[in-house]
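Participant: Chain by chain, the residues:
Number of protein chains: 2
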Amino acid sequence: MEQLTKISEIRKALEKVRRQGKTIGFVPTMGYLHEGHLSLVRESLKKADYTVVSIFVNPTQFGPEEDFNRYPRDLSRDAQILEKEGVDILFVPQTIEMYPEGYKTFVEVKDLQNLLCGKSRPGHFRGVCTVVLKLFNIIQPNMCFFGQKDAQQAVIMKKMVHDLNLDISVEVLPIIREHDGIAMSSRNSYLNPEQRKAALILYKSLKEAEEMIVEGERSAGNIIERMCKIINSEPKARIDYVEIVDLKNLNPVIAIKNEVLIALAVFIGSVRLIDNIIVNIKE
Amino acid sequence: MEQLTKISEIRKALEKVRRQGKTIGFVPTMGYLHEGHLSLVRESLKKADYTVVSIFVNPTQFGPEEDFNRYPRDLSRDAQILEKEGVDILFVPQTIEMYPEGYKTFVEVKDLQNLLCGKSRPGHFRGVCTVVLKLFNIIQPNMCFFGQKDAQQAVIMKKMVHDLNLDISVEVLPIIREHDGIAMSSRNSYLNPEQRKAALILYKSLKEAEEMIVEGERSAGNIIERMCKIINSEPKARIDYVEIVDLKNLNPVIAIKNEVLIALAVFIGSVRLIDNIIVNIKE
Chain A
1249 MEQLTKISEI RKALEKVRRQ GKTIGFVPTM GYLHEGHLSL VRESLKKADY TVVSIFVNPT
1309 QFGPEEDFNR YPRDLSRDAQ ILEKEGVDIL FVPQTIEMYP EGYKTFVEVK DLQNLLCGKS
1369 RPGHFRGVCT VVLKLFNIIQ PNMCFFGQKD AQQAVIMKKM VHDLNLDISV EVLPIIREHD
1429 GIAMSSRNSY LNPEQRKAAL ILYKSLKEAE EMIVEGERSA GNIIERMCKI INSEPKARID
1489 YVEIVDLKNL NPVIAIKNEV LIALAVFIGS VRLIDNIIVN IKE
Chain B
1249 MEQLTKISEI RKALEKVRRQ GKTIGFVPTM GYLHEGHLSL VRESLKKADY TVVSIFVNPT
1309 QFGPEEDFNR YPRDLSRDAQ ILEKEGVDIL FVPQTIEMYP EGYKTFVEVK DLQNLLCGKS
1369 RPGHFRGVCT VVLKLFNIIQ PNMCFFGQKD AQQAVIMKKM VHDLNLDISV EVLPIIREHD
1429 GIAMSSRNSY LNPEQRKAAL ILYKSLKEAE EMIVEGERSA GNIIERMCKI INSEPKARID
1489 YVEIVDLKNL NPVIAIKNEV LIALAVFIGS VRLIDNIIVN IKE
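Protein chains in written order, with my numbering: chain A, 1249 to 1531; chain B, 1249 to 1531.
Be aware that a few hints might be false.
Since copy identity is lost for identical chains, a pair holds within one copy or between any two.
[To be verified] BS3-like, lysine-lysine: derived pairs with alpha carbons at most 30 Å apart: (1) K1294 to K1260; (2) K1455 to K1496; (3) K1496 to K1260; (4) K1332 to K1455; (5) K1505 to K1260; (6) K1260 to K1352; (7) K1530 to K1484; (8) K1264 to K1294; (9) K1260 to K1445; (10) K1484 to K1452; (11) K1496 to K1254; (12) K1367 to K1406; (13) K1352 to K1505; (14) K1367 to K1295; (15) K1406 to K1254.
The hints are simulated quantities; they were obtained by calculation from the structure and are not laboratory data.
Please construct the entire structure, taking both the sequences and the accompanying hints into account.
Facilitator: What follows is the structure, given as structure tokens:
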């Protein structure tokens, strides 16, 4: 595995790869890798001839009060893991090269960026779109891989790629969970053992929602009410949002039908966690 | 010359060209071609192995009160001209394919977009950036060509390409003028003979500014004052702006030094015309 930090270096390396007619798969990450990331990496290794993983904790997607500085980082461990998986290039760009002084260009996906997580994280998806577009332009992959854990991000990435006529296929892969059901996340490392236990409430409420639907409940309002009640029964939890939305446009639904996304964000102490499930009713 | 309207068609055609190792030059236009456009086309024909010209009157760069509907169009004449020049592909995308229902993604170059023309045309440069980025992604050119007539657009395009790490060289070519000095523009076709004569005042004021600088004047304020006086002496003219700015960041300068852009927008009747000169002082 080559580990590159300069844009000119990776451009050069990938030019060669493209000239050989190889397809390039790309997995953008913020590092501190877990099995969720690795499921994306393995899919890329399977589908593409050549796999690039980036690790970049992107400052433009963090709000001023958010956890940019304390976001967990462990590059040498990440590099070892990726090397072992068989990744071809690990790209670790420097902030000063990604956002040099006087940087001014930003990409937005209107409407979608203001819903769900966008409400409590203004500017977050603008930052995500901008950095991913930059990485796309540097790497020029044929396919890229995102996790369903960041459900809204996945929808926005697909929309951006489609709207901007990027010739890149976007694959979204299922959430990877710990044995007890908690969704894997680099931010889980913030949790102390008690908070870790409290964090189970997210998935528990999602499973309850799923069960209600299986049993015939079709009112999004009733389901959300029940979910909130469950989450609020956990003293360490504070709800940011609990929503049931259309999977395509992320607009709230009133009645459950077809495919819906049940998504939530909950603070456990000061740690904001997200989780979601997709429920598909065939009636 | 091939004339293509569908994105999938031009992608396919250009894939072949790229596989042959040919470089692609791209000239984005809104059509109704004049010698200004043709100077860009000829430069592309000279520098690139393969030249693509697009004609697309882009709705997202026009304000609601602007001239989108009446903007002059003559595709068959344009196609004849480009064929004769030796262009390889004329791309004429359809609005419905460029902006399908539910289109949501936009690109902005902050700060630069709010100066000069951006003040009286809010959203204009967002529309320009968005459509050009889409065309770049469809065509994937090695080089592209813009006219200095749209000075602010040229600065913004360079900035967007640089910020977004697009691997495209941006060339900006000089303004082409009629024999009497008026800058070539598709919008000149709106002018009746009397307005056409009145429109000479734009270039006249720019030449006067240049002369003042040659003669030693260094106060931007004094020069602008003199230019406004000249323009206001023409009863058909109404100033939108007259500014002297830094060529890189488009910020107003107080004293003339190094390279400055003297730019103006003036209404002749209801027709808004722009013009500019670059003055370079070596002291």
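Participant: Run every hint past the structure and note whether it holds.
Facilitator: Hints and how they fare:
no., hint, in the structure
1, K1294 to K1260, "both (24 Å within a copy, 26 Å between copies)"
2, K1455 to K1496, "within (22 Å within a copy, 56 Å between copies)"
3, K1496 to K1260, "between (37 Å within a copy, 29 Å between copies)"
4, K1332 to K1455, "neither (35 Å within a copy, 67 Å between copies)"
5, K1505 to K1260, "neither (49 Å within a copy, 39 Å between copies)"
6, K1260 to K1352, "within (26 Å within a copy, 33 Å between copies)"
7, K1530 to K1484, "neither (37 Å within a copy, 68 Å between copies)"
8, K1264 to K1294, "both (21 Å within a copy, 27 Å between copies)"
9, K1260 to K1445, "neither (47 Å within a copy, 54 Å between copies)"
10, K1484 to K1452, "within (15 Å within a copy, 73 Å between copies)"
11, K1496 to K1254, "between (36 Å within a copy, 25 Å between copies)"
12, K1367 to K1406, "within (20 Å within a copy, 33 Å between copies)"
13, K1352 to K1505, "between (42 Å within a copy, 25 Å between copies)"
14, K1367 to K1295, "neither (35 Å within a copy, 48 Å between copies)"
15, K1406 to K1254, "both (27 Å within a copy, 21 Å between copies)"
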